[in-house]
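A.B. asks: Protein chains in written order, with numbering that gives the first Met the number 0: chain E, 0 to 138; chain H, 0 to 377.
No wet-lab data here; the hints were simulated from the structure.
There could be a bad hint or two in this list.
[What the hints assert, rightly or not] Quick look at which bits of chain H chain E covers, simulated, 3 or more residues with Cβ under 8 Å:
1) 102-108
2) 112-125
3) 132-144
4) 170-184
Idealized CB from N, CA, C, for every residue including glycine.
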Amino acid sequence: MAVTADRPVTAAGAELPPLEIPITRTLIVSGAIASRDYQDVHHDAELARRKGSPDIFMNILTTNGLVGRYITDHFGPRAVLRRVAIRLGAPNYPGDTMVLRGTVEQVDGDTATVRVVGANAIGRHVTGTVTVTVPAGGA
Amino acid sequence: MTGAEGKPAPGKEGAAVSGETETAATEVVAGAGAGAEADARVGVEAGAGAGGQAVAGAGAATGVRDRTAADTGAPDELWARLKAYEGRAATVACAGKDPVNAPMIRHWCEAMGDTNPAYEGPDAVAPPTMLQAWTMGGLSGHEGRTDAYDDLLTLLDEAGCTSVVATDCEQEYLRALRPGDEVVFDAVIESVSERKTTRLGTGYFVTTRMDVRVGADLAGTHRFRILKYAPAARRKPRPGRPRPVVNRDNTGFWEGVARHRLLIQRCTGCGTLRHPWLPGCNECGGLDWDTVEASGEGTVHSYVVMHHPPFPAFDPPYAVGLIELTEGVRMVSNVVGVPYDKVRIGLPVRLEFRRYEGAGTGEDPLVLPVFRATEGGA
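Just chain E, same shape as in the assembly (with noise of 0.2 Å):
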């Protein structure tokens, strides 16, 4: 989703529209340099595997970035990120698709809270909060 135009908050209860995330390879791997996070087990599949996992899987750095990236893509680039808190559950694991939702749970002037939630054929890879300003009025 190209991010162009800006969005206001709306209310409490609103839903932002679903992103889809194709969990490639390539993803994991170049968010987990891109985070400067060398751990094996996010770009050495055999290794990986020694360690008990089915193959290398997502860091936490990259959904995070990810979950801000969902939040600033609808509400525009002249939204400001105040907070992001997650939590991880089932991996991300390469072939797997991330389904990133979020419902706005609160609505304070020009700053809202969105519960954000992203789910792959596993269960939930990530839930979590942001809070989100959008400042009113022109630029």
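Assemble the complex: chain E is given as a structure, and chain H must be docked to it using the hints.
C.D. replies: Chain H alone, transformed into the frame defined by chain E:
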């Protein structure tokens, strides 16, 4: 290094592990999704069992859902030692390896698929969620970690909690980071949970909280929680041996095996013995037959040693023999009682029946004829 001998944030748990998912631990599975609401399937292997009593999980934001395994009531002495680290600094006045910079921002955005124009151009800010990335030690690591934090991790390692998984990340962004900003960060060990049993294994949640500063300005806070645990035993039961396909042509053979008798088919027309069992005689075409019981004596006519591919029910390497019975027919089976590399053509063997347990899925045990070396196979 700005030091912050940190105190736990009031009313909160957790303090930032030096922002890095790295730990001294051996088997780090950082940043993984281990846990929360869904199955924690990132089982990381290895590690002995710290086992022991699992304390019912209080609200600690576990990424891995706590299972309230029974509390044995025994005091957890390790926990008391671990808890003494709460409030101590984990990282002191550590400087980010690179100033906030456009190339790293661009690489991040490319990886995340983030096209937000706020992260480009002369007025670019860094994506706020990059906060931790600016604190990562990368391949060369950091020197800023305190002995206290290393000691804490060592205690856990020694208790068998050798694996790590990141479960929670809570960040607040107070000031945008822009290219050129040089971050300095301090982290404090905020809390160590009681021993918890999760789907991954039993261990302790360690929460750290990090303050990331640019000059005197607090740019953000980063609370990070890891589970340091002894992996649960692998649940997957070893599959049982493949079951024979029993059909009308060979039912008699398997019925004999079940009674610990090795039956050879004999053509009632021409008297030729045959194995494996077939509906007709290869010599005369006769369809009528009866059986004779094998004496059980034989020799290895030929053999192979299986190294690869490994099948789940077998432990390679192992010898598969083509056994020639004294009656003259041959059959394929395992050669036992001798190392796989001592099996030779001509090795005398004797029949025995072995019982193999089922696959753990309620399958009946399996009885199979195998051949034991009678000469030690030297």
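A.B. asks: Indicate, hint by hint, whether the structure satisfies it.
C.D. replies: Cross-check of the supplied hints:
1. Only when three residues or more bring their CB closer than 8 Å to a CB of chain E does the claim for the stretch 102-108 of chain H stand; here the count is 3, and the claim holds.
2. With 6 residues bearing a CB less than 8 Å from a CB of chain E, the stretch 112-125 of chain H meets the requirement of three and the coverage assertion stands.
3. Evaluation of the coverage hint for the stretch 132-144 of chain H: fulfilled, as 5 residues show C-beta separations to chain E shorter than 8 Å, against a requirement of three.
4. Here's how the stretch 170-184 of chain H fares: 4 of its residues keep a CB closer than 8 Å to some CB of chain E, so the rule of at least three is met and the hint holds.
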